[in-house]
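Asks: Given only the sequences and the hints, what does the whole structure look like? Please build it.
Protein sequence lines correspond, in order, to chains Y and U. Following this note's numbering, the numbering of the first sequence begins with 1 at its first residue and continues without gaps. Following this note's numbering, the numbering of the second sequence begins with 1 at its first residue and continues without gaps.
Among the hints, a few may not be true.
Identical copies look the same in the list; a pair holds intra-copy or inter-copy alike.
With a straight-line cut-off of 30 Å between C-alpha atoms, the simulated BS3-like cross-links for lysine-lysine are [stated by the list, open to error]: (1) Lys101 x Lys117; (2) Lys138 x Lys117; (3) Lys101 x Lys138; (4) Lys101 x Lys23.
Keep in mind the hints are simulated off the structure, nothing from the lab.
As a plain string of letters, each chain reads:
Protein chains: 2
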Amino acid sequence: MRRLYHYWFCPFSRKMRVALKEKGLDVKLELELPWTRRHDFLVLNPAGTVPVLVEEDGTAICGTYALMEYLEESVPAPALLGETSQDKAETRRLVDWFDHKFYEEVTSLIVTEKVMKRFLRLGTPEAANIRYAAHNIKHHLKYIEYLTDRRNWLAGDEFSYADISAAAHLSCVDYLGDVPWQDFEGAKNWYARVKSRPSFQPLLKDLIAGLAPSPHYRDLDF
Amino acid sequence: MRRLYHYWFCPFSRKMRVALKEKGLDVKLELELPWTRRHDFLVLNPAGTVPVLVEEDGTAICGTYALMEYLEESVPAPALLGETSQDKAETRRLVDWFDHKFYEEVTSLIVTEKVMKRFLRLGTPEAANIRYAAHNIKHHLKYIEYLTDRRNWLAGDEFSYADISAAAHLSCVDYLGDVPWQDFEGAKNWYARVKSRPSFQPLLKDLIAGLAPSPHYRDLDF
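Replies: Okay, here's the thing in structure tokens:
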């Protein structure tokens, strides 16, 4: 069976777990701790990052960018990037937004301070970074509301990689209880719709040893 | 005529300038200073980043990821992502390497310290960051040599976006004279081949006001 090397708090891995389910592909999850720089894993992906998909013939597809595009080319339906050239450009613009802008301004700060520092015993979380992320996330939730006020899903009429990327990042932060849903009804309604998709259920069952999810993390009605 | 909003020291803009030439497309360059957060530009691209391509009908394609894929779909020849699914995955893996790993470990540090701090009067460059980038770039040059020892171009037999991305980042650093070519003959030979392509010539003519290029920046035989 094809294997996906992933890490629980890696939003890019989470994104690919959802995308594989949307495409109807079964995959065996292999937990990888990228910071250990395991030799056999570096042979698969010299960058040492997750996610990496390994096909049954041994072909390795490394990184979320290569992997998203590879999946869309090899299993075109359901389309997760959009149908027309302009739809695709819009989906990719928003994927970029969440995978880079949101990641740098929110996910990476929260996960580094609250998860990595704890597991790697790197000292106490830096309160200023958490405050900075808490400030930034509001702008992103507002942007999600701006988009969903005008569209059915983030990039247009159809559910796409834009929704998957945004929800994957938010799910990492939500596990830790750091999404102020109460102030963003529109974003919350959109996330509830993503959360109720069958492809998202496995993520909601995640239970990371030593770190319980926030009380509402699993609730479809939160 | 189609327009490309770009900034001289933005490696992603440089990459798209080269790619557009490789695809045989003419474009009018529009200089954008992203940090000014100009209103009309934010309407085009809410992320406020360059590059953005605006087609004659007004369609805006935002960001290097959307733009690379859009160009490849709309002008398939010459292929810059590769032909087979595996070729494409390899090109995209390496694009990711240079656009994120190299960018964070080298380009961003050097450009922030040596260019942005100067132009935005943010104080003197932080020597530690420059030293860190100087250390990191050696590993990347070694990786370029590892690849070109085994392949004609970085991702395989053909010139691709992997070469364009790597060379775009290196050209920013090389403008400032911070690439230790003398210690990396193989990487230098590969870069000389990229530099001699017609698509790369406009970049070599760049002359940024107030900041002269390093003496060998323009030389094809450096």
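Asks: For this structure, which hints from the list above don't hold up?
Replies: none
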